[in-house]
Amino acid sequence: MSFTNLLRVAITAILSNKSRTLLSTLGIIIGVAAVIVMMAIGQGSKENVRSELSKMGTNLLTIRPGSDMRGGVRQDPSTQQTLKMDDYVSIREKAHLITHVSPEVTSSGQVIYGSNNTTSSMYGESPEYMEIKLWKIEDGECFTDEDVKKSAKVCVVGKTVVEELFGDKNYDCIGKTVRFKSIPFRIVGVLKSKGYNSWGMDQDNVMIAPYTTVMKRLSAQTYFSSIQMSAISEELSDEAIEQVTAILRENHKIKEGQEDDFSVRSQQEIMETMSSTMDTITLILVVAAAFSLLVAGIGIMNIMLVSVTERTREIGLRMSVGARGRDISRQFLIESIMISLSGGIIGVGLGYLASWTASAIGLPCSVPLWAVILSFGVCAFIGLLFGYIPARKAARMDPIEAIRYE
Amino acid sequence: MSEFKQEPNFDAQGRKCVIELRNVKRNFIVGSETVHALRGVSFKIYEGEFVTIMGTSGSGKSTLLNQLGCLDTPTSGEYYLDGVPVKDMKRSQRAILRNRKIGFVFQNYNLLAKTTAVENVELPLMYNRNYSAKERRRAAIEALEAVGLGDRLMHKSNQMSGGQMQRVAIARALVNNPAVLLADEATGNLDTRTSFEMLVLFQKLHAQGRTIIFVTHNPEIAQYSSRNIMLRDGKIREDVLNDNILSAAEALAALPKPQDE
Ligand SMILES: Nc1ncnc2c1ncn2[C@@H]1O[C@H](COP(=O)(O)OP(=O)(O)OP(=O)(O)O)[C@@H](O)[C@H]1O
Ligand SMILES: [Mg+2]
Numbered sequence: 009m010s011f012t013n014l015l016r017v018a019i020t021a022i023l024s025n026k027s028r029t030l031l032s033t034l035g036i037i038i039g040v041a042a043v044i045v046m047m048a049i050g051q052g053s054k055e056n057v058r059s060e061l062s063k064m065g066t067n068l069l070t071i072r073p074g075s076d077m078r079g080g081v082r083q084d085p086s087t088q089q090t091l092k093m094d095d096y097v098s099i100r101e102k103a104h105l106i107t108h109v110s111p112e113v114t115s116s117g118q119v120i121y122g123s124n125n126t127t128s129s130m131y132g133e134s135p136e137y138m139e140i141k142l143w144k145i146e147d148g149e150c151f152t153d154e155d156v157k158k159s160a161k162v163c164v165v166g167k168t169v170v171e172e173l174f175g176d177k178n179y180d181c182i183g184k185t186v187r188f189k190s191i192p193f194r195i196v197g198v199l200k201s202k203g204y205n206s207w208g209m210d211q212d213n214v215m216i217a218p219y220t221t222v223m224k225r226l227s228a229q230t231y232f233s234s235i236q237m238s239a240i241s242e243e244l245s246d247e248a249i250e251q252v253t254a255i256l257r258e259n260h261k262i263k264e265g266q267e268d269d270f271s272v273r274s275q276q277e278i279m280e281t282m283s284s285t286m287d288t289i290t291l292i293l294v295v296a297a298a299f300s301l302l303v304a305g306i307g308i309m310n311i312m313l314v315s316v317t318e319r320t321r322e323i324g325l326r327m328s329v330g331a332r333g334r335d336i337s338r339q340f341l342i343e344s345i346m347i348s349l350s351g352g353i354i355g356v357g358l359g360y361l362a363s364w365t366a367s368a369i370g371l372p373c374s375v376p377l378w379a380v381i382l383s384f385g386v387c388a389f390i391g392l393l394f395g396y397i398p399a400r401k402a403a404r405m406d407p408i409e410a411i412r413y414e
Numbered sequence: 009m010s011e012f013k014q015e016p017n018f019d020a021q022g023r024k025c026v027i028e029l030r031n032v033k034r035n036f037i038v039g040s041e042t043v044h045a046l047r048g049v050s051f052k053i054y055e056g057e058f059v060t061i062m063g064t065s066g067s068g069k070s071t072l073l074n075q076l077g078c079l080d081t082p083t084s085g086e087y088y089l090d091g092v093p094v095k096d097m098k099r100s101q102r103a104i105l106r107n108r109k110i111g112f113v114f115q116n117y118n119l120l121a122k123t124t125a126v127e128n129v130e131l132p133l134m135y136n137r138n139y140s141a142k143e144r145r146r147a148a149i150e151a152l153e154a155v156g157l158g159d160r161l162m163h164k165s166n167q168m169s170g171g172q173m174q175r176v177a178i179a180r181a182l183v184n185n186p187a188v189l190l191a192d193e194a195t196g197n198l199d200t201r202t203s204f205e206m207l208v209l210f211q212k213l214h215a216q217g218r219t220i221i222f223v224t225h226n227p228e229i230a231q232y233s234s235r236n237i238m239l240r241d242g243k244i245r246e247d248v249l250n251d252n253i254l255s256a257a258e259a260l261a262a263l264p265k266p267q268d269e
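Note that the protein sequences, when read in sequence, are chains P and H.
Going by this note's numbering, the first sequence runs without a break in its numbering and finishes at 414.
Going by this note's numbering, the second sequence runs without a break in its numbering and finishes at 269.
Since the hints were made in silico from the structure, they are not lab data.
The model shown is predicted, which means the values in this text are computed figures rather than measured ones.
Where a beta carbon is used, it is the ideal one built from N, C-alpha and C, also for glycine.
Each statement offered as a hint is correct.
With a Cα cut of at most 25 angstroms, we get these calculated DSS-like pairs of lysine-lysine:
| hint | chain 1 | residue 1 | chain 2 | residue 2 |
| --- | --- | --- | --- | --- |
| 1 | P | 401 | H | 95 |
| 2 | H | 98 | P | 401 |
| 3 | H | 122 | P | 26 |
| 4 | P | 26 | H | 164 |
Example chain H residues on the side facing chain P (calculated, C-beta under 7 angstroms, incomplete):
| hint | residue |
| --- | --- |
| 5 | 74 |
| 6 | 79 |
| 7 | 80 |
| 8 | 100 |
| 9 | 103 |
| 10 | 106 |
| 11 | 107 |
| 12 | 118 |
| 13 | 131 |
| 14 | 132 |
| 15 | 134 |
| 16 | 135 |
Could you build the full structure based on these sequences and the hints that come with them?
Below you can see the structure in the form of C-alpha cells.
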C-alpha cells in the first residue's frame, strides 16, 4: 500500500475513535509538556543568569586565594591568606591591562539603627569597586581614596538596608550613623537598586565600606578574601589574566613548574561553570520526564493491542483482498506513530502555554527549538517502538480465521 | 518457481487448465474432534469455464472455495493455480495472487463497516501500486455501475440493504479485473429480478473469457453455467458439463415487468 493510502487509512481509524485516541495520548501529552517546560525553565534561567552576569560587567576578573581546582582538591579559599596589600599595589602599578582594582574583604552580621536592626553583608572595597561591579550611587556619594587611607568609618548602603533600618527605602539617611557589629559607620551614599538576581539573592542588601576600615576595625585581618578587577575589555580578559598571574607569581616567589597559590578567573568562566551546572540539573529533570514518556508508550501499546483485536475482521478482509502482512503491519505502525505524534504536538502546545504562563508571572522560561524537534523525534520513535508488537500481531493473522472472528 | 511448474495441460478445445486440485483434504480440529470438511477432492477447471458448485449446507462448499481463493491451504493434497503449486508459495505471494488474479465474493459480504460503497470497492486496488488514486476511483465507480449501484456510490455499508451489500461485494470482486472469479452464494439475498441481472453480468464476464466458480443452493442457476459440480460430505458426488446453457438475458426479458416502473 502506498504511503498516502496508509496515512489515509490511519487517519480514518484514529478519527473513528476520537475519545480513545485522546485517552491513549494523554500520557504522551503530559510527558512531552513536562519535558518542554523543564527545558524551557533550564534554558530560561541559563539565559537569565547570563544576562545578569553580563550586567555585572563581562570584563570582570576575580583573584581568589588558593590554587585552582585543576591542581587537585581545592582548599577553602577563605582560610588562605595569600592575597596581601603588596599584590594589590603591584597590580595597580604594573598591570596595564587592568583598568580598575579593588581588594575585597567581606563580613556579614547585624546592623543597627536606633531600635531597628537587620542582617547584612559588609563589603570592604576601594572606591573603584563601583566601576568594576557597575554600581550606581543614587544619593550622596561614594567614599574616597582619602577615606581608604584614613580607614574612615563611612559606608554606602543598599536600598534594602535603608528600608530595614529607616522604615522607608527612600528615607534620606545620608549622614546618619549605623552600627555594624557594634562599629559605628556614617552613611555617605545610597546605592541604586539592582533588585534580585536570578538565583533569588537580594543584591540590595549590602553595605560597602573602605577595605582598610573593614580589615582593621571589623575583622582584624591583613589579607584579602579576594581582589576584584576589570580588564580593559572582554576580549582582553585572557591576556589580563596572564598578566596578573605573572605579577602575582613574581610577588609570591613561585618557581617555574610550581603551582599558583591563587586563581584568577574571568566572569566568562564563572558563567560557563554556572551554565554547566544548570545543564546537569536540566538533564536530570529531562531524564525523569523521559521515563514518563516510556510509560506513556506502554499505554499506547496497550490501546493498539486492543485495537488490533477489535479490528480482526477488518484485518482478515484486507488480507483476503490482497494485503500482505507488511501492508497490515505498516498500517498499524503508522497509526501508532500518528497517535503518539499527535500527542507530542498537543504536548508541545501545552508546554509552550505553560512556559508562556510561567514567564508571564516572572519565571525565566524560554522554549528551545531543539527541544521541540527532539520531542517530535522521541514521540515518533515511541510510536514505532510500542506499535511494533501490536503491528506484528496483526500481520501474523490468518485471513480466514480473522475474517470469521466474532 | 519454474521447476515446480506443471506442463500446462489443455482440454479438448485447447483451453488452458487454470485450476487443478489433486486429492485435496481439509481437516479442522475442533476441541478433541477432527472435522473433515474436504475428504479428497480432485478436479481441473479450464480457462473460461463457468462452474457452479452445489451441495447441502455443511458439505464443504465454502471450505473448497477458500482453497481455490488461496485464502486457506489444504491439510493434504495439491492445488495448482496456473500450474504453480499454491502450497509452496509464501504468504505474501498468495496475497499478491489474491490481489491480482482472484475476485472473491464472500457468503456474508464482509464489507468494511461505516465505509462508503465506493471505498469498499476500491479496497483491493489500494494494495496495488499500479493504480493511482484517480484510476482507482474510476475503476470502483465502473464496477459499481456494472452491478447497478451507480446511484449508491457514497452510501455507507450500514446504510444499505442486504442485496445492495451483496452487490457491493460483487463489485469489489470485479474491480481488479480478476482472471478467476469466485462467488459464495453471490445471489442468495437478491430478489429474482436482481439475481437474474447479476447472472447476466456473470454470463457477460464469462463471455469475455473469465473463469467463474459460483457456489449456490439454487439448482436453477446451474442451468446458466457451463458445468456443475455437486458436493456431498466433503466429496464430489457429481461433475457434469452443461451442453445447453440458458441465456440469463433472455430469462430476464421474459420476467414480468415490475408494476411500479
Ligand atoms: N474454521 C472452521 N473450524 C471448524 N470447522 C469448520 C471450519 N470451517 C468449516 N468447518 C466445518 O466444515 C464443514 C464444511 O463447512 P463449509 O462452510 O465449507 O460448508 P458449506 O458447504 O459452505 O455450507 P453452507 O451452504 O451452509 O455455507 C462444516 O461441517 C463446518 O462445521
Ligand atoms: Mg458456505
